[in-house]
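Given chain A's structure and the hints, the job is docking chain B onto it.
Number of protein chains: 2
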Amino acid sequence: MQYASWMEESGESFIGEMLKAAQNPSMISFAGGLPALELFPDQALQRSFQHVFEEQGKPALQYAQTAGHPQLRQWLAEQHKHNGKPVKIEEIAVTTGSQQGLSLLAQTFLDPGDVVFVETPTYIGAIQAFQSFRAQMMMIPCDEQGVIPEELEKKLKLVTPKFLYLIPNYQNPSGKVMGLERRIELLHVAKAHDLLVVEDNPYGELRFEGEKSPNLIELGDNVIYLGTFSKVLSPGLRVGYVVADPDIINHLCQTKEGVDLHSNNLTQRAVLEFLKEGLLPGHIQNLRTVYKERRNAMVRAVEKYLGNEVEMIIPSGGLFLWARFKKITNSFDYVQETIRQNVLYVPGALFYPDGRVTSEVRLNYSCSTPEIIDEGIQRLARAIKG
Amino acid sequence: MQYASWMEESGESFIGEMLKAAQNPSMISFAGGLPALELFPDQALQRSFQHVFEEQGKPALQYAQTAGHPQLRQWLAEQHKHNGKPVKIEEIAVTTGSQQGLSLLAQTFLDPGDVVFVETPTYIGAIQAFQSFRAQMMMIPCDEQGVIPEELEKKLKLVTPKFLYLIPNYQNPSGKVMGLERRIELLHVAKAHDLLVVEDNPYGELRFEGEKSPNLIELGDNVIYLGTFSKVLSPGLRVGYVVADPDIINHLCQTKEGVDLHSNNLTQRAVLEFLKEGLLPGHIQNLRTVYKERRNAMVRAVEKYLGNEVEMIIPSGGLFLWARFKKITNSFDYVQETIRQNVLYVPGALFYPDGRVTSEVRLNYSCSTPEIIDEGIQRLARAIKG
Chain A
1 MQYASWMEES GESFIGEMLK AAQNPSMISF AGGLPALELF PDQALQRSFQ HVFEEQGKPA
61 LQYAQTAGHP QLRQWLAEQH KHNGKPVKIE EIAVTTGSQQ GLSLLAQTFL DPGDVVFVET
121 PTYIGAIQAF QSFRAQMMMI PCDEQGVIPE ELEKKLKLVT PKFLYLIPNY QNPSGKVMGL
181 ERRIELLHVA KAHDLLVVED NPYGELRFEG EKSPNLIELG DNVIYLGTFS KVLSPGLRVG
241 YVVADPDIIN HLCQTKEGVD LHSNNLTQRA VLEFLKEGLL PGHIQNLRTV YKERRNAMVR
301 AVEKYLGNEV EMIIPSGGLF LWARFKKITN SFDYVQETIR QNVLYVPGAL FYPDGRVTSE
361 VRLNYSCSTP EIIDEGIQRL ARAIKG
Chain B
1 MQYASWMEES GESFIGEMLK AAQNPSMISF AGGLPALELF PDQALQRSFQ HVFEEQGKPA
61 LQYAQTAGHP QLRQWLAEQH KHNGKPVKIE EIAVTTGSQQ GLSLLAQTFL DPGDVVFVET
121 PTYIGAIQAF QSFRAQMMMI PCDEQGVIPE ELEKKLKLVT PKFLYLIPNY QNPSGKVMGL
181 ERRIELLHVA KAHDLLVVED NPYGELRFEG EKSPNLIELG DNVIYLGTFS KVLSPGLRVG
241 YVVADPDIIN HLCQTKEGVD LHSNNLTQRA VLEFLKEGLL PGHIQNLRTV YKERRNAMVR
301 AVEKYLGNEV EMIIPSGGLF LWARFKKITN SFDYVQETIR QNVLYVPGAL FYPDGRVTSE
361 VRLNYSCSTP EIIDEGIQRL ARAIKG
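For the protein sequence lines, the chains are A and B, in the order given. Just so you know, the UniProt record's numbering puts 188 at position 188 of the first sequence, and the rest follows in order with no gaps. Just so you know, the UniProt record's numbering puts 45 at position 45 of the second sequence, and the rest follows in order with no gaps.
The following block holds chain A by itself, in its conformation from the complex (with noise of 0.2 Å):
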């Protein structure tokens, strides 16, 4: 028995580990993307839920289109715009999570060896997807907004990517925003080279401050968009959604089929019925009030705890803090240490497909009241000053 090449580069599951870890009831983790527990609106949603056995009954339970409920499309299509124009039903297909958006992006589009733009440093589970169909990552420069379109430019010249993927909306890791400008730069750099450009926006309604700016697929074609309801609703659900062409739409459709047929039908139905409620703007705007304070407590935390040993970025959105640490060069060397002391972080050479050393770290603050971020931090730093 043999397994397929690319697991023998992978190696063990740091994640599986760490969620491990995380079980242990006096772990204060901020490993993890999780949302707040606490916030979940768990009897809005067993009415919506209800409501769907009341009102359909068993088609809900029924095998359905692989595309996605029609009406859960309708209404996602009503949300978004693509280059200008209204979004068709036939732009939109639902996905098991947007983690599944990834997935299917790769196996539709990579063949063994093919290049990937990736921001540096990128989200893991990207380079999980794309790595588990053998893609070759080559990793952009860039600087406080994200990738530098003369670097992009530059790579462009010496290889041809079958995509850019990217977040520009308080990056994972590096809670870094895209200005409207960047957005523009970037957009005109990609048609110029007929790129395709992934846009991942799980994070983008979770804005502390500072402006909005539109997403990338509002402003240019040759973009494909991925949304998730896991980071404003539940990631319990997996429920996310692409927005491209109509053509990359049927193709990725074609390959959904061979990969789990469609998703959840009872759950995408009872999102809708959420999502008519209108409940999810007063959500939305109650996870930012919780989570700026958490942003605002972690910030606080690490300047008073680790105040001379650190780097940040501040983020002003989402879910993550990215720190450097100065006296230190590998984040992974305090691991061990750190679960000791209780307390978990993701340290940064995950987030670089090169798997390079580094001092750096991500910390969530979403998922912690401001008593236990306090807590962790100080933790934290009682692990790394030894």
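One or more hints might be untrue.
Only pairs whose alpha carbons sit at most 20 Å apart, straight line, appear in this in silico EDC-like list of lysine to aspartate or glutamate [to be verified]:
hint, chain 1, residue 1, chain 2, residue 2
1, B, 385, B, 333
2, B, 20, A, 247
3, A, 85, A, 309
4, B, 20, A, 90
5, B, 327, B, 337
6, A, 385, A, 333
7, A, 20, B, 247
8, A, 58, B, 337
9, A, 20, B, 90
10, B, 276, B, 55
11, B, 58, A, 38
12, B, 326, B, 311
13, B, 191, B, 150
14, A, 327, A, 337
15, B, 212, B, 144
None of these hints come from the bench; they were simulated from the model.
Just chain B now, kept in the frame of chain A:
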């Protein structure tokens, strides 16, 4: 922009086309594999979902473990044996329907060009899953009980496949069942050649007559078992599972992490509630009674309207009747005419990875009443006889 090379080979999705044609309300569809809508236990499931919301609340909406909800895995482990021994929780992973089980297996085991052995004919969804990971499928000759051990042995002397895929109970599309003797012989050959066997068992519980044989996984090692609640409870909920050695489960979960992180958390818990209520056995009994009636109705109608035109295999369980038209060459040629007559079937060619010309058809009886079955076969006879 360029799609992955495997996509070019797969052309338009016939299943997708059929699903669209099936939306015409005057269409009688024998093409799908849909369970009977009117039998879904929607009220009991509504109570299960409500119970989860009330008793477990918010944690049911959070991210969850990739391998599945622990209590559901535990329940599933208790239902199975592996080579005579009780199954442990480490041997179970929950999947997003059992189509995902197939896709995860392909992704986890196959390098491009790897060989997979399949039955002749075999399940379309498996062909899709294996093709999209660039497998080379080799069809093993079958008799009325499925794969012929001597033929399997002959092929094993020529090539080493990654695994053999089969459906021992009420095979899709042929409806065949593998007897106990044959199972033992097959596992004997597999063991001698260190061959991994993938046992897909969506229909095993839908038995109309005859003795139940033990699953392959109960009889030997080197077996990966795919189970699902799609045919006995609800396909729209997308809950399937894999039983295999812990090392295989770990690798499948490593793959699944990049594919969709985990399956719907809330739904897994609700399905477990339903199971714990002890409602499944009675429901399955009901399905058997109704599907047997429909099987009988279809056999009667085929004899009545197509008596001299076809040879059929009368299935002793499952959802499908497999028939060969004696006076035509290619059942694909009649699809347009049958759509005009408002009846759908699946042409046999789709179940052969080599796309051979065949006059066979697959007819589904589970989702039509005896009256509709009679009318539909009458229409089919009209289309075929001209």
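*asked:* Tell me the hint numbers this structure goes against, listed in increasing order.
replied: 3 and 8
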